[in-house]
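Place chain C on chain F using the hints.
Protein chains in written order, with full-length UniProt numbering: chain F, 1 to 780; chain C, 1 to 780.
A couple of the hints might just be wrong.
It does not matter which identical chain is used: a pair holds within one copy or between any two.
With a straight-line Cα cutoff of 30 angstroms, these simulated DSBU-like cross-link-like pairs (lysine-lysine) come out [claimed, not checked]:
#1 K163 <-> K245
#2 K615 <-> K529
#3 K245 <-> K36
#4 K188 <-> K324
#5 K760 <-> K733
#6 K500 <-> K750
#7 K248 <-> K492
#8 K492 <-> K268
These are calculated hints, taken from the structure and not from any lab test.
Protein chains: 2
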Amino acid sequence: MKHIILLLTGILCFSSCKKNIKDSAIQAPISKTIQKPDFTQYVNPFIGTSKMGHTYPGATAPFGMVQLSPQTNFEVMFNKDGSYNKETYEYCAGYQYRDTTIIGFSHTNLSGTGHSDLGDFLVMPTTGDLILDPIKTKENTKGFYSTFSHKEESASPGYYKVKLKDYNIIAELTATERVGFHQYTFPKTKDAHILLDLVYNVYHHDDKNVWTFLRVENDSLVTGYRQTKGWARTKKVFFAMQFSKPFKSYGHQKYDSVKYDGFYRRFKQEENFPEMAGKDIRAYFNFETQANEKINIKFALSSVSTAGALKNLEAELPAWDFEKTKLETQQKWNDELSKIEIKTITEADKTTFYTALYHTMLSPILYEDVDGSYLGLDQNIHTSKDFTNYSVFSLWDTYRALHPLFNITQPSRNNDMIKSMLAHQEQSVHHMLPIWSHYANENWCMIGYHATSVIADAIAKEVGDFDKKKALAASVSTANVSYFDGLGDYIKYHYVPEDKSHSSVSKTLELAYNDWCIAQIAKSNSDKKTTDIFLNRSEYYNNVYDPKIGYMRPKLANGEFRKDFDPLDTHGQGFIEGNAWNYGLYVPHQLEKMVKMMGGNERFSQHLDSLFTMKLEDKYIEKHEDITRDGIIGNYVHGNEPGHHIPYLYNWTGKPHKTQERVRMIMNTMYGPTVDGLCGNDDAGQMSAWYIFSSLGFYPVTPGSPNYAIGSPLVKEAVLHLENGKKLTIIAKNQSKDNIYVHQILVNGKAINDITISHKDIINGGEIIFEMNNIPKINP
Amino acid sequence: MKHIILLLTGILCFSSCKKNIKDSAIQAPISKTIQKPDFTQYVNPFIGTSKMGHTYPGATAPFGMVQLSPQTNFEVMFNKDGSYNKETYEYCAGYQYRDTTIIGFSHTNLSGTGHSDLGDFLVMPTTGDLILDPIKTKENTKGFYSTFSHKEESASPGYYKVKLKDYNIIAELTATERVGFHQYTFPKTKDAHILLDLVYNVYHHDDKNVWTFLRVENDSLVTGYRQTKGWARTKKVFFAMQFSKPFKSYGHQKYDSVKYDGFYRRFKQEENFPEMAGKDIRAYFNFETQANEKINIKFALSSVSTAGALKNLEAELPAWDFEKTKLETQQKWNDELSKIEIKTITEADKTTFYTALYHTMLSPILYEDVDGSYLGLDQNIHTSKDFTNYSVFSLWDTYRALHPLFNITQPSRNNDMIKSMLAHQEQSVHHMLPIWSHYANENWCMIGYHATSVIADAIAKEVGDFDKKKALAASVSTANVSYFDGLGDYIKYHYVPEDKSHSSVSKTLELAYNDWCIAQIAKSNSDKKTTDIFLNRSEYYNNVYDPKIGYMRPKLANGEFRKDFDPLDTHGQGFIEGNAWNYGLYVPHQLEKMVKMMGGNERFSQHLDSLFTMKLEDKYIEKHEDITRDGIIGNYVHGNEPGHHIPYLYNWTGKPHKTQERVRMIMNTMYGPTVDGLCGNDDAGQMSAWYIFSSLGFYPVTPGSPNYAIGSPLVKEAVLHLENGKKLTIIAKNQSKDNIYVHQILVNGKAINDITISHKDIINGGEIIFEMNNIPKINP
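Same shape as in the complex, but just chain F (with noise of 0.2 angstroms):
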């Protein structure tokens, strides 16, 4: 132990010095309630948590390493016959609202995604005789679950806590970044037991552990680590697990059938032996217990050793003070949510909204040790120099308006992600910039290579210091990997062909963005001859439109457009998780041009109007898990990304009225102030993203570019915070549920005529005022 100490010390010289100031500004002193006014009440963590909003209630700090969640219904993974239960694609967070049941509290959840991975190192408080089946025993018992009540549950920023019914125990958790503070209040008992259980995760049926090692160091202190081959795919976490008083005893259960021969001679080695390692392990600590007396474990993450994880437990979590570490995780969310604060027509909107401001800073996540020392993309250890390191970059999602609303909110976090993206690169045998970023592993999730919107946005909006010459290098390796995804063909045939790779058409429309964002990037970097190489892929989304039909449509690699189409389906039509309706639209960086393409003002906006109007027949719709009638309006499709700029497009009509009247009945139907309160996936917190910006009044249609389309703010007013010191107040006059129409904007008294307002509006502070009436503004 003392060598790594050392090594990490050497490490600490030279490289970290400023993060450790920083993370131990943790341990400063802070007052035992939150600072005034307290915005964490606004927040309702279990909105989400119903229907497909794939959102956890657990305890986690902005941005953490750590989120501590409980896992529900765990029977529901598998039919009676043994086979996978479909309706698990609802457990990507590891709860859902209506179960009655609490099988543990793990420590890795994802935020809104659309597939499942993590639920590491689930704890469960226990009494009674030692059960270590989770269901049911080989004796068709019970399992070692509990039921649990709702009125028994509650949950807040940083805290949730709820009554174990079966055991009569009070389980508590908070977390600071790197740490889970668990607080369990037992009843007198000789039988007290805290499992760890290492066999489960989220979607368990997948049979994703490769590998899990575990030490007892001493009678209060487990460290370890667990190794899976899930959604990412060679994904390693360690632990250093400290409890607050002493277990009597201990001992596992191992659950693969390889027997080791030392161990087995030799030992007794399923008790009280120090040293458990295999595929699947329940472990369990036994403690005698008084009334109401609390037991709490201290659970400490590292993506790169347990001695990195003993680290973060000692630099993050010296103290036992649950109370204290609870409030002081409270106050740093109070310090985000009150970044903007805001008023509101109904005071259920303010729960919407700090709500889905709170799912914005969920993801990503912090992904290094207090010492900067993080696991790479190449499974080695890197350090960050000069930087934050950070994973779960849900890209195809997030540079949407998740990115983008960083730039606002999280100007130096956005900075550090960018970088974090651009050492991925460094680190990438492919030399590719992350497409979706998961905890050291690339899992090529969706289309596109986004990364290079982040970068691009955040050029143009001047955040961040990040080496733009390196970005711009890195873009352009990204963006020339022939083998990635159609890229290949794509730059061969200057479209993707549909009988070369599928979802040809969304490739085909997202690559050639994402070529205008680099050719932006390149353009800030002064290079004019990779800037016209890259605006002249940005125009390849021309080939994929067919004129006479009037959609974008699936090209043959011969340069003939597909016999067979159904631009309603969303399934094998050249689109992924879209149809050609939707996803069709997507041309953010040629707005103009895409209109007069389709038709002219006239016949766009009509074709709008019929995408929100009209019946989709339900053929197209059952089929796809991430598209609900929850989440559609018409043939509009919010539950999903692909057309979250769409409602945005009437302004490029000249019927901007259209645009307000569908944002604002957008964030009253597709968002609410209760547990299914959202429409869809909320996607690492882009659909949240979307709404604190349409709430706001504006909207980020072509990330890469300055400027913001208009819509229609929810709320009556806004102050934002900003972080460079700035002031910003947007003020809707004559704000009502009915007055949802925009008459005019002045910005600090000037009148906007445009249908867009600039990053420079936002930033540089002062004052919006945006003019509201119940009676549509028709320009002439």
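Quick look at chain C alone, frame taken from chain F:
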């Protein structure tokens, strides 16, 4: 990559400057031939590759981390019905001389062990159709193995060569400490392939793979790692593989069932896709070659990371000069071998002797990167601050003669090995010294805690500068782990009760001896209290001696000896890999007392006479794979360790001439210059170390004491060049095949009248003369 390099530089600066200098010395220019005299000519690496020697003929540097060796006759692993073929026990080192096929060349191999593991990273060059199945393809045609002939095969220290007949390829191998160096001479072909098989393991049937990971970094560099769950339960080996010529294409096949959605949908990942991961993978690299074109591969290992492997590669093998590397490694071997210059009765004896000496330097192995970092037992990365870290400690075997030999031939390395053991103890969650230290794992093989013997022996012989206080604390800690293999009961009952723990007599005897060693360590620390405690424990052997029958005998917890008992049986009689006749003579620390207890000189020497002359029934032999007819004289088992001291015990019965007869007989019958020249497993060098000592005329019957028992030298003369700069000349006057009896010993001219000589007589240099005769010298 840059970050890692910075990181490693940081480590270097504060902890390993010494190492850097040491390692850079590897690059020093040397002449194009080995400095004379050339002792490597007497080494035949094929000795022990037939029958049960379990040695390998491949290329390695002295104590090197890489053991690059051919793997033969893979098909023997399975019977036709798919079941495990017990003949695989012969394949602990991957090679059997009688075989006619080679499946490839692996980078890690154990030398002489009685259990198998390793075989990491099998490389095989082929031509013609690409075949990825080793034995048979799905179409039932031949796999990628090749036939070979011993006529076209040769091996010498640090070098191996063979013609792969099926492909007309000459394969040559050499190695530095951490890098294997391949040279393949191809015929002219458009279809040359180099396979990298990550599925292969020694004892493949165990399904040892946990995870493998590969990256094609560029057109001639591949990195990755493999994690296995073999004898080392949680073993990871990282590699960097550099080709001298860019491959024109590459690919892989995965043999496990898990499909990764992201990869599966977006890429044709099997060909020219630079990232591979999964449980079981075989990769291939394609070339076009001219006639006699050489392709070289440098294959570096690391326990730390692929970055570490690359660092090792760059530090140790920057150039591509195969001949130069081969010569440098041969020179290293010659430097080691020339530490003992001998004259012998026959030339063949030189081969036997120098091959044995060679076999004493194949393990323990170096187990750290060039910067001193290594994977610790706690699975964290450590840095060896004032020592070089070693692994592969087969201590139940090697404490007997190998580590004592190191105190003469390798005192610096033995000091490092002891420091490695102390580091192991610090990292052990059991706070125990190694039992069998195995690639950052404890495999718990065999009984006792013999690291204490290695420590005590070094202290008795004043070897090393390790911390004696720490060594005592580590030993005492080890000796008090109550759950360890009968130890708690041993402490409680003052013997291990047979009804509590198997092999109870062997355990009692060995623990008692180990406790005597701890007493010696305590004494050297002037810790009287601890000395007394462990001297007291060292007498516990008395408690398993049954004076009624005159044998050590299993005793029950109730204090009664077990009724059923067969002192000739090696199974279930309270002994492990031995019977009461052999193993029952194991009180090395109190030989006089033991002889007295067992009836005195006459009776004891009669027992020894019977032991060496009785005819053992077959039923006692065939059951155990470590005890075969080849290694047996009467009922004495030389092919396994517990009796290695026995031939020397006549000295304690007043009949040293009988020792002289037996050790000469054993040297002549149990060792030889042929491929079947080892009568049993070489056991990581222990069998060979017995031969070296005995050849020189003395043997460490009691490691932990400074004394050696006198035998009968086989050499005519030996000059030992000691690390302290001194020189010891041993002369056997009148030496001949018949003159096996020692009549007089003169140490620097002074006659010895004892049955032992002391370590000082050796290490201070000078001259020892044995006066040999063909008539026994019977003491009056």
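Name the hints, by number, that the structure is in violation of.
Of the numbered hints, 2, 3 and 6 do not hold.
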